[in-house]
Each structure stands twice: as structure tokens, then as C-alpha cells.
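**Student:** Each chain is listed here by its residues.
Number of protein chains: 2
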Amino acid sequence: MSNDPLVVFTPSGKRGRFPAGTPVLTAARQLGVDLDSVCGGRGICSKCQITPSYGEFAKHGVTVQDGALSEWNKVEQRYKDKRGLIDGRRLGCQAKIETDVVIDVPPESQVHKQVVRKRAEARDIVMNPSIRLVYVDVEEPDMHKPTGDLERLCEALETQWDIKGVKSDLHILRSLQPALRKGAWKVTVALHLGAGELAPRIMHIWPGYYEGTVYGIAIDLGSTTIAAHLCDLKSGEVVASSGIMNPQIRFGEDLMSRVSYSMMNKGGDLEMTRTVREGLNTLFSQIATEAEIDQTLIMDAVFVCNPVMHHLLIGIDPFELGQAPFALATANSLALDARDLDLNLHPAARIYLLPCIAGHVGADAAAVALSEAPDKSEDLVLVVDVGTNAEILLGNKDRVLACSSPTGPAFEGAQISSGQRAAPGAIERVEINPETKEPRFRVIGSDIWSDEQGFAESIATTGISGICGSGIIEVIAEMRLAGLLDASGLIGSAEQTGSARCVPEGRTHAYLLWDGTAEGGPRITVTNPDIRAIQMAKAALYSGARLLMDKIGVDTVDRVVLAGAFGAHISAKHAMVLGMIPDCPLEKVTSAGNAAGTGARIALLNTDARREIEQTVREIEKIETAVEPRFQEHFVNASAIPNAIEPFPILKSIVTLPDVSFNAGGGDGEAGGGRRRRRRG
Amino acid sequence: MSNDPLVVFTPSGKRGRFPAGTPVLTAARQLGVDLDSVCGGRGICSKCQITPSYGEFAKHGVTVQDGALSEWNKVEQRYKDKRGLIDGRRLGCQAKIETDVVIDVPPESQVHKQVVRKRAEARDIVMNPSIRLVYVDVEEPDMHKPTGDLERLCEALETQWDIKGVKSDLHILRSLQPALRKGAWKVTVALHLGAGELAPRIMHIWPGYYEGTVYGIAIDLGSTTIAAHLCDLKSGEVVASSGIMNPQIRFGEDLMSRVSYSMMNKGGDLEMTRTVREGLNTLFSQIATEAEIDQTLIMDAVFVCNPVMHHLLIGIDPFELGQAPFALATANSLALDARDLDLNLHPAARIYLLPCIAGHVGADAAAVALSEAPDKSEDLVLVVDVGTNAEILLGNKDRVLACSSPTGPAFEGAQISSGQRAAPGAIERVEINPETKEPRFRVIGSDIWSDEQGFAESIATTGISGICGSGIIEVIAEMRLAGLLDASGLIGSAEQTGSARCVPEGRTHAYLLWDGTAEGGPRITVTNPDIRAIQMAKAALYSGARLLMDKIGVDTVDRVVLAGAFGAHISAKHAMVLGMIPDCPLEKVTSAGNAAGTGARIALLNTDARREIEQTVREIEKIETAVEPRFQEHFVNASAIPNAIEPFPILKSIVTLPDVSFNAGGGDGEAGGGRRRRRRG
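Going down the list, the protein sequences come from chains U and W.
Everything in the first sequence is counted per full-length UniProt numbering, starting at 1 for the first residue and increasing by one.
Everything in the second sequence is counted per full-length UniProt numbering, starting at 1 for the first residue and increasing by one.
Same shape as in the complex, but just chain U (with noise of 0.2 Å):
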């Protein structure tokens, strides 16, 4: 056994005898530790810094004497006066090992460290950006061995960092020159590391030194909306988030009205991808400005999007996206440049599309199973992005199927008599007493229920407005559960329901929710139409979890994820009385939030996931439920609420849905939408 000291690092707790005089960056990269480093080794950038610690190690059966470093050197104390550092931190590059010693590598001094995520059951994201920084020194030229500077660089890059076969883009190497004299011939380089095929690649180059950080930028591309996290590269924090309206919706609300605006207008499809673009060069400087940071930082780009609006982004026509076999373009990954896209962000900035499942099934829900990993899930799990169209995963580790379903707008509170987004003054909670059958409400702005007090001061400046998605789903369950609608869809009237906030309505009925008439405010109702809409609607949501279930062979699933904005603040058990989603036990319906932009977060932030979910969407079975023929019964049983014919067993061992029928005729209302069908585009 050697007489060389031996170093053990915490937390990974590796090992090795290095001879005394070693530092410890060379011991950690020998042992293959993760521990930072910019500048190669130079005491300049500090990212290597280690704890030593003294004492008795029981654990690792080594005792660490005082002296187990080296003294501090110039470089170190230098760097300690002029900048500081924490009280026990050394310098990894500067400190030598003397004897044995344990030393822990701090969080921030490892390349690979985990960003945290508030979500208790989401996995951390682990760092492994894209875009690395290194300081390098460059051999000057020479008349005598006349290379040019780029290759004298790419050489420093090669034998300084071990990186090979670098590229550079023709736009940086109008920098390089002056760089180089600048910093005397040290530099510090942002290079793409490239994945698969690609050569890394200079991206930007700073003379001497460069102290700052880059930032990469997420973006959720909706159709309605598009919202962006900016993230420092280096650490993996989200230093802004923005969003803002996808100012295509000028040229149709959804995404259907915008594939026919392509189909009706020459050019149109154009003029959208123009329009988009100009829309995410104006999130970039809003969301720069709110950063307090240069634009042109900025260096990575990962988007995430509907297969409609990834045509539109990269130029291409949506055309085929709107007509069966809804073929797309391209479905893989791709890999661009920001300028090709003509998007203002560093001018070598790159661009990461995920890949599209398929024609009706996008990049957004490839993001999704990325953050909810439903491939990598013990228990069945099925997983739903409710949106305009929702898209659906189900499984676990052994398989994984996903398909979308047309669940149109209902949800987001269009086609909804008092429907509006969710916005300060939108009703978004409500029960309804199935005694007195009065309701009472909660409003977005505001804590205080409707028939608490405070209320009235409480929405003085927001008012009442409208209903937002969830309020609908709530205010219909209830009205289910209160005896006031019966499973067809039908609202029963005043007599029939002994309540007089039944009104007639047409042929039908609505359920007065809300009279604000007498201070000027609108009367809010919920129609029967307004029925119809929610039951079409989540009628294709559950047919379309329904059918996977069909291909994998099950009649329930072990939980429940909703994603997207509105399956945040959706109510589990509102939405199993509606019959959105199958029977499962409340606690195990859960919302992601909006995992398609975690989704397209983690890929940012970590290049291997995007070789991973590149593997996985090509290993998920893609089902196209306009070809089903059973998607049409579901769909139809579907419409019933909760469901024409399946049982579920737990929601009605926790509430009671009275049997009520409101049908004068007594056979299949014309609300109960059994016959209609319901297709695409």
C-alpha cells in the first residue's frame, strides 16, 4: 500500500492516494469528482472551491491533522483579500494535499448540481447546460508558423480542456481577433457542446477573463399565450419569467382558424410565423429588461409547442397539420440557429425544438412526459395537458401511449355563455348548498366567499365579471350534486328543482348564479348550451384517457396527473363528478402545473434529458383517436355525467349524485349528445 496520502471527497464519497503536493482539482479530476472549474486551474474564476474538514473520520477511517493543506499561496490570498471567501472555502486549484484529508465539495462548486423543484414528488433537475464557459491561454502567432488565430484557439481548447474537433460560427470570428489582443491572449470562450453530430462551437469570446454568467431561455409557445422562464446557465435558477399573448390570435382563436387563415390567404402562413416571431423578440426584451440583463446573453433557446404553432415557428405551412393523416413536416428534434428564426437573442445563439409525438400530439406534450416521466413511474399513471386540444399520456415504465383529444375551448371559458379567461373578478370556486340550493362563490382577487363577510369591500375594484374555466367545472359538478342537473345534461326548472334560481331559458333552462344587474354588473347564469359545451368537451378528455386505458388493457389507473395552467387550480374531486377523468381516489389526482414549460426547462438545463426524451417519444405508441371506432362510444358514454356507463365506484363513495331526471319526454335529451359526433378541423 502506497505511503501517499489519501484524500477522500464528500459527498461522493471517492477516493485515491495522490502523491503529497497534489492539488485538489488535479486529485478530483483524476477521480473523476465533479468539481468546477473556468480557468483551467489559474485561481482566477473560484468555481473550484472546497471545504476541508479536520478531525477523526470514523466513517472513512481517516484522521485529518491540521497542515493536511498547503498553506495559503500567493494566488489564493490574493484572491481571498480582493474578493473573499467563505470562512473555511479553499481554493481547490491553489491548495496542495499534504496529508491525509477529507474535503467536500460545496453545491455551487459542482458542475453537475441539482436544481431544486418546489413540487415534493418532481424529480430535481441535474445541471448540464448546453453552453460551458473556459478560460483559456492562446499561443501568440508566429510569422514562422503561420496558422490562423482560430486554429491557434481551437489547439488552446484541445490541449488546455481536453475539447475537440471545436467549430466556430462565422459571425464570432470577427470578435476573436481583437479578443485575443485585448486579453493578451487569454480568453474566456462560451462554447455549445454540441450533442450527437454536432461539433462544439464558439459561441461568444471575451478578452481575459469573464466574470458573468450566460442565460438560456424556456419557452411554453401556446397558442393563446406564450410564456418564457430565463434561466442563468451556470446555476440553473429561473432569473425572470414573462409572458404574453401569442399575437397570432389575430388570425384565429384556435389553432384549427389558423391552419384554415394559411388554407384561405395566400401567404398566410407566412405573415403568422412573422407574427409569432415578433411576438417572441418582444417577450425576449421584456423579459431581458425585467432580468436587468443584456439581451445578447442569451445563448440557448428550448421551445416547446402544438405541432400547428412548431410548423408556424419555423416557417413551414400548416396546411397538412389540418386534414388527415395530419402529417407533419418534420416530427424529430430539431437543432437551429436563433438568427434562422430570425430571432433576437445572441447572434449565435442556438435553438432546441423537442420533438413532436405526432401530428396532433406536439412538442408540448413531449415536454410534459419529460417533467412527469410517466416512463419512468411504478404505478400506472395517466397523465393530462388541458388545453384547447388535450393531449394524454398514460403508463409506466414498461410502456407509454399518448394521443390528444379536440376538447375545444369550453375550458378556458370560451363557448361559455358568462365564460372568460381566468382574471381578477372571474368566479373561480363555487359550492352550491343541495338543501337551499344557493350558491356561494369565490372570486379571482379575492379570499372571501360571496356569503362571507368583507366580500362586497373585497371585489370593489375587480367586481364580478364572469365565470373562468374552473369556476365552470365547479359550478356544474355542484349543480350535479345539488339535484339542479340531471346526468343527461338537462337543467331541471324551478318547479322541478324547487329552487327559483332555475329560469327558463329558451326551450331550456339556466341556473341564476349571480345578479349584479342592480349595481350595473352583468347577471351571470349557467346555461344549458353552456352545459352542452363542458360535456362535449370533457367528454373527448375522458374518452381519450379511456381509450389508452382500452389499449393497455385496464379499467382504472393508479393516479392522476393534470398539467397545464387550468389543471392547477382544477378541483379533483369537481372534476370526477363531471367525469373528466376516470374514478381514482381524490389524493391521487394531482396537478403539475405547467409542465409543459418545466418540460422545456429541464431541457434547457440539462442536454442528456434531450437525448432521453428524443429515445422516449420515439418509444411511446401513438394512438390517433379520430381512427378509433370505440373513441366514439366512449365519447358518446362520455357525454352522460359523470359517464352512461362506467360505475366509478370511489367518487360515489365519497358524494352523492341524486338521481334526477329532468327530460320531459323521459328518454335521451337532446343535451345528452349521444348521436352528435364530433370531428376535426
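Which copy is meant is left open, because identical chains are indistinguishable; a pair holds if it fits in one copy or across any two.
Cross-link-like lysine-lysine pairs, in silico, DSS-like; alpha carbons within 30 Å at most: (1) Lys-145 / Lys-397; (2) Lys-182 / Lys-167; (3) Lys-145 / Lys-622; (4) Lys-266 / Lys-186; (5) Lys-186 / Lys-82.
Derived from the structure by calculation, the hints contain no laboratory data.
Fit chain W to the known structure of chain U by using the hints.
**Tutor:** Showing chain W alone in chain U's frame:
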């Protein structure tokens, strides 16, 4: 031994046995015979035409009987009826081998056909262009297997053509879906085959079978002129050649004045970059109009140029090239997108720039090396590309050295009192009678000598306007041979020479070549400052060559190749009298014409040649004349005509150099330039 029929292909001589019924194309592929096909054996493209030979072939040991190939099938017959086939020709993909047969592959059916060059000593170009057209059947989309159209196209390229890992340009994706549908899932694809780390890339998609060809352009981007050859990438044929003046001339005639324009004017380099790109776009329109082709069919372009033009083309400030150590931003070859240089070719067109050899020895010198291949020469060859800078290569298959030498613009007629560019009216050939000292000359635009009948009429439209570069070489050499000029470069007086044409001019004399003043024309003289300018230029050229000879350790070279437009018109004898080039048998001095342009054309038509010249350039030994002490010594010696110390024995066996001296003081004349120093920049 198998009883299968024997097939022998000519001219390759490849042979093998195949089961009866094997298509000729299949046999050719299995034997590695170079037989073209675009449609992949579908009887559409007719690129695989072959000629069977019948009878007794003792050489091959084969007797070919009638019926050795199968009868004409429907596809082949239909092709012949519709499009016609040369008598005796068959389609290799349709005709099947039945019994022993000898099959000739005509040159036009070979992929790697040779493009014959006019010069006897030049090697032929073997076709191997970067762009390949292939016809594929693409699988239709299927909702149950929702892959993208691009992914299915790539799959077809892999299964039908064994071309793997194909990438598509973003811009091309737009045309993919319409083309596939218009062509009923059959398309012709133009593929850039890539090289090295680059993946094959889809450049263009045509619905169905595309019968046309695609083009490439080879560009010699000089400081003064830009010349281009438009080539058919299938046949290799030059379909049009064109040239324009480099519009950058307005920023300075020579390279150094352009570098200083950039130093003196902020953004001046970008202005020059914009200007040269605009000039190129003008040239592209011009050449496409001349060839009557669609400009967007130009999919590949190769550039050769000196380092300053190289940097200005790609948008790099040439500042560093104006001062020691003359550091290039990048020396390696570059593969770029035309659109990144704002060049109006095909939207996905690729650009290839040959590597630079050194800070003064550019991609144009590399192109000369590719064309003249000193590295493949058995004998020691000196290759000189004469322009504003002379690029000089010396070597053989063992080693090649390169340098550049700042000759200045005198050889192009600049700095010469009656100098002009080579254009109609310019004196290009001169003879002086050694007895009478009377000159006769020829003018560009006329074949008649000035002392012959009909001369006056033949120049009636052009007149006599000045002396071009080759004319000034000849007149000075003739003056030296006629004893009007001494070895130090002094012109004698009328008394000293006995010629009234030697007239005083300031403190020295001039030789009157032509007096057109009576007819309102110019008075054309060769002045002593003209002689000095040429002395400087030729001394720079010779001393560069001599320096390389020192490095190799020789006093003579086996042959001299003069490249460049100027080199094409120069008289070997006169150049040697001046001592421009080393002493050498006159018949060993040849002109290579625009060798840089030819090198560009070779690189355009054969991608292997790109790899070859990249390798050659790495191996060439670069000599920087500015820091070589012996350069100054050689320069001083070479200022004399022909040379102060070199004996030039071969020259002296052909001509007599009068031993005259016109220096009044008898010592070193001021014109000798012996103590003058010449520096770059």
C-alpha cells in the same frame, strides 16, 4: 467454376459471373464499376446507358452471342420510343445478362467521368462534385405511424440509396410537403454530400423526376478583378465564364490601401465586405443571364482569393494582415452557407473557401498548388503567380515551399509612366533592332507589327494608348539586349547609345517608343523611373524564388510555371533577360493561365480535391520573406538586370547581353537600388 454468365466491363476491365437475368446495373454495382444512375434503376433517368459488344473477344477470353442481353422490355422500349437512344445503347437497369457479354460504359454514363483540360501538361479533372441528384419513392404518411415527411424521405434515401444521416436545411422544409404530394410521393432530391464531419444535406426537392442539371460556380476573387466560371455539376462543362472589376477598387487600388481604409474609417471593413458581396451578386446575375439559367440552380460555389480578400469576403476586419506578424483570423478551409454571406445563389447553396497558406499566401496560392500540383512533380518546379503580390511555390513530390513577395502593381502597368491595363490599344509585344536601335511593336487588338503593311488601318479604332504589363517587360528586356540600358538599370544618352530615341528627361534619360502627338495621340516613352519600378518588382519576385531555392539547397530549378493572366502573355526569354525568373531552358518555362481559377474549378468539381489541398497546404513549408535576412541580399543582387551575381549561363548561351555602363560616376548608379530597402505595409 460457376456456369453463370461472365460479364466483362470496359474500359475498367472489371469482370464477374452473375446468375442469368441479373440487370447490368446490378452487376456493375456489385463489381464497383462506375455506372451512373439517378432514378435508382427505374428506367427513367437513362444515366446508366451501356453498349454491349458482340463477337469474339480473345483479349477477354469471351465470345458474345446475339441474345447475350435480354430482349427490350416495355420500360426500355418506351424510353427509346419517347426519348430516343443512340444505336447500340441499352439501359443498364433494364437490360439483363443472359449469356457471356462484354459491356462498354461510355464516358457520359460514368459518375466519375474525366473533364479534359486544354493544356497538354495539365492533369484532367475527375468528376466528383458535392451535389448529387437522386430519385426516391417516399412512403406515404400513416396516422398509425405518425412520423414526419422528412423522416420518411430520409428513410427512403437510406434504404434506396444507402445514404445515411441526411439533414435538411430549414429553408428546404417549406417545399418538402408540397413537392411530395405533387410528385405523388416520388421526388428528385439534390443532396450536398457533405465531407468530413458534415452530414449529407438536402438542398432541393423537385416533384417527380427532375430532368435538369444543377450548377456550381468557381470564383477567383482578385483585388482588381473577380472572375467566375459557371459549371454544369453533372458534366463538369464550363457553361459560362464572366468577370467584373472588383468594386472595392474605390477603397484603394491595392490590398494595403484597403487595409488602411479599414484602419482609418470605422466600419470601413464592413463597407468593403458589403461592396464585394454586392459585386459578386452582380456577377452571379450576369453569368446566369449569359448561360440562360435560373440563378437559384447554382448550389455550390468555390472561392479562391488572397488573405485580405478572404477576410473581407467573410466579414472579418483585415487589420491584422496589415502588420507583422500578419496573423490570419482563420487559415483553414471554410464551408459556409451562401446566405450567411448574403450571396444570391440557391437559398441553401454552400460555399467552400480553400485554405490560406499563410498571412500573405492565400487561398489563391493554394488553388495554384492544387492546379499545378508541385507536390506531385517528379522534377523541381517553380510556380509563380504574378499579380500585385507574387505567390511563389517551389518543390517536387518530396517537399514544397511557399512564400509571397510584394511585387507591387508595376507588372500590371501601374506606376509606369505610359503604363496601362491590358486592353485594346496597349502595346504588348516589342522588338528593338540591336543595330539601328529602332523599335517595332504590336498592339492588343491587331496581329500586325508596327513596321508591317496595314498596321495603321488595323489600329484605326483602338489607336495606340500605352504599354501593358507584358509590353513593358519586353521593351525593357529589348532595351537591355540592344545596349540602350545597362545592367544597373540606367538608360544611356543619345551620345552613349547612338540613338536619337534616347532623350533626356530630368537627370536621367528616356527611350521614345512611339510618338503619336502628330495624330493627337500620346508620346510613349520608357523612362528611367519606369525601369526602376520594374526593377523593384522583378527583384522582389526573383529574390522570393531564390530564397526558396536556398531553403531547398539548389541553384537551379528544372522548370518554371508562370500562372496568372499576366503570366499567360509574358515572353519567357524577355522575363529571363530581366532576371525575373531563375535561369532555365526556355522550353521549360510554361504558362498555366489562370491557375488559381483552375484550382477553384477543380475543387468545385471534385470534393476529394478539397481534402487533398487541405492536406497539401498543411504540409507546405511556409517561408516569411519579411524576416529572412537573405531576402534583402537577394533583392539587392536581383535589382541588377538580369542579376548582379547570378551567372544565368543558359540565358547567356541564347542571347548576348551588351556590357555597357551609363553611370557618369562609374560606380553604383542611383537606379541600382542597391541600398534601398523595401518593406511591406
